[in-house]
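Chemist: Residue numbers (our numbering), protein chains in the order written: chain A, 1 to 247; chain B, 1 to 287.
Bear in mind the hints are in silico, worked out from the structure with no lab data behind them.
Virtual Cβ for every residue (Gly too), placed ideally from N, Cα, C.
Errors might be hidden in some of the hints.
[Unchecked claim] Quick list of simulated restraints, FRET-style, between CB atoms:
1) A:Glu143 <-> B:Thr129: 42 to 52 angstroms
2) A:Pro195 <-> B:Ser53: 53 to 63 angstroms
3) A:Asp220 <-> B:Thr105: 43 to 53 angstroms
4) A:Thr101 <-> B:Leu266: 45 to 55 angstroms
5) A:Thr101 <-> B:Thr105: 23 to 33 angstroms
6) B:Ala115 <-> A:Thr101: 50 to 60 angstroms
Given next are the chains, with one letter for each unit.
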Amino acid sequence: MAPRNSPDRATDRRQPRDVIGNIPIPRPSHRVLVVLCMDTSYSMRGEAIDKLNDALASWARSMHAGEKMAATTEFALITFGAGGVRKWRGDESFDPRSDRTPFVPAHSFRPPKLSADGVTPLVEAIRLSISVIEARKRQLAQEKVTWKRPLVWLVTDGRPTDDEGKPASDWHPLAGEIRGLEAAQKLALFAIGIPPIDDLGQETLRAFAPERNMVYGRFDFSDILLQLDRSVEDPNYKLRGYQPRQA
Amino acid sequence: MTSGRQPARQPAPTGRSAGGVRPYRWRIRGASVQGYSHVREGKWCEDSFAHLSLYERGSLPDVHVLAVADGAGSAPRSAEGSRLAVAMATRLVRDRIHPSGRPATAPDLRQLLAAAHEEIVTEFRRVVTAVAGREHIGEFATTLTVVVLAYPLIGYLSIGDGFIVVRTGEGGQTNLHLLDAGSADPEHASQTVFLTSDTSRAARVNAVYDPWITGVFMSTDGLIPVTLRRDPEGRLAVATEPVIDTVLGLLDDDHFDASGLVQLLLREAVTEVTQDDTTLLVAVLCR
């Protein structure tokens, strides 16, 4: 716009609404990276996996149909259970060792129809979540794009197991690594338990995310995704229903 | 901009001329729009703004107190908190100015705002405690940014991540200056200070003397992606896109319909960039 006393200002008789409608708006210069780390192990068969699929589909539709998430948010889907640990882009799952990023812009997120089977390689899935985040950060850095603190949303109905389905004990060091990453503001992990997660499973979630863990009494994936949306907007988001443990 | 000293240049014209020309005055308009994320959840807009004036005789423009606030998304009653904060802050600051009139120097204004800060924090906590109980103070968490226009002085008090841009002279991108902003880099922007925080004492307070100021744009962090940018060192600066300059330029026009500000906040290009509540409170010096 011309300076206040400029003759150009006097002749700029465009309607204000035309001017407002044509102001160039900066393109987003930062990203929010969110990993959905979803349990698809055998125990999720039946109602649980059906409700998860329905919730993911509905949530994705809300982002597509004009009710879109900010252009700055990118989602990655990682599952653990059927097929082991898998990265996804749309309907396509691919080897976790692949260099291909699973991150897609929020408005392009199209969840696959998931099936439930296999054991619960939760530790490997979390490590993969961290790895894909770091890889994406390197790509963004090359493009000179900044990012906010990435988020990992872990949803599981059980404890971590090894390849044979036996309870795994290698999650303890990982919990410590996550504490370190969070203390350095490199990551925020939300750990959600759904039925029939047992006491040991809940203990694992509390170890991973002491202040961002929650157990649902039923398969309310829609509410889980709603809380995920809020965490994208607010880095300090506290889970609704989070109950701090008594000392 | 200087702090407490007269510049060695001729100040901008004020007051009535011998021919009785209308004196300069501040024209102030504001707008606030609920963010898309809150629309989806059926939540109130958690941003608020307010403005009070002290009408004085004399040739200088009237003194005005402006405030914007942004309720914390994680706090269940933060919409109430932000409304309380702007109403309380503007009233307390105005009541501090009223008895002795407009501050004479930038140090005077800075001292007044520093005292007001203590009073605002104390009074906010007192009211919230009375309403909800001491253990629920955090539920009303909100940022707060206050600006005092006491031409040729401008002062501010800010808690949290609101920001203030001033325009000097005839405008244009080169005459926009970021007066104040919360400065955390995005990856570590998880430690916003609120009026209810223990660290609320770490407010930013300052006042400057500049007779060339002709416009002020203040906002909550929702508009940062649209109006500011980060320089290579990660510091915030005014964006190269002329959003702020254009808005101030439109407000220069007597006939500008302020609903245009809402139109700007509702533009798809803006809501694509930010899902947050967005608020702006702008002032231009005009005849």
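Chemist: Now tell me, hint by hint, if it's right for this structure.
Modeler: Against the structure, the hints come out as follows:
| no. | hint | verdict |
| --- | --- | --- |
| 1 | A:Glu143 <-> B:Thr129: 42 to 52 angstroms | holds (49 angstroms) |
| 2 | A:Pro195 <-> B:Ser53: 53 to 63 angstroms | holds (59 angstroms) |
| 3 | A:Asp220 <-> B:Thr105: 43 to 53 angstroms | violated (60 angstroms) |
| 4 | A:Thr101 <-> B:Leu266: 45 to 55 angstroms | violated (33 angstroms) |
| 5 | A:Thr101 <-> B:Thr105: 23 to 33 angstroms | violated (57 angstroms) |
| 6 | B:Ala115 <-> A:Thr101: 50 to 60 angstroms | holds (53 angstroms) |
Consistency with the previously given hints fails for numbers 3, 4, 5, ordered from lowest to highest.
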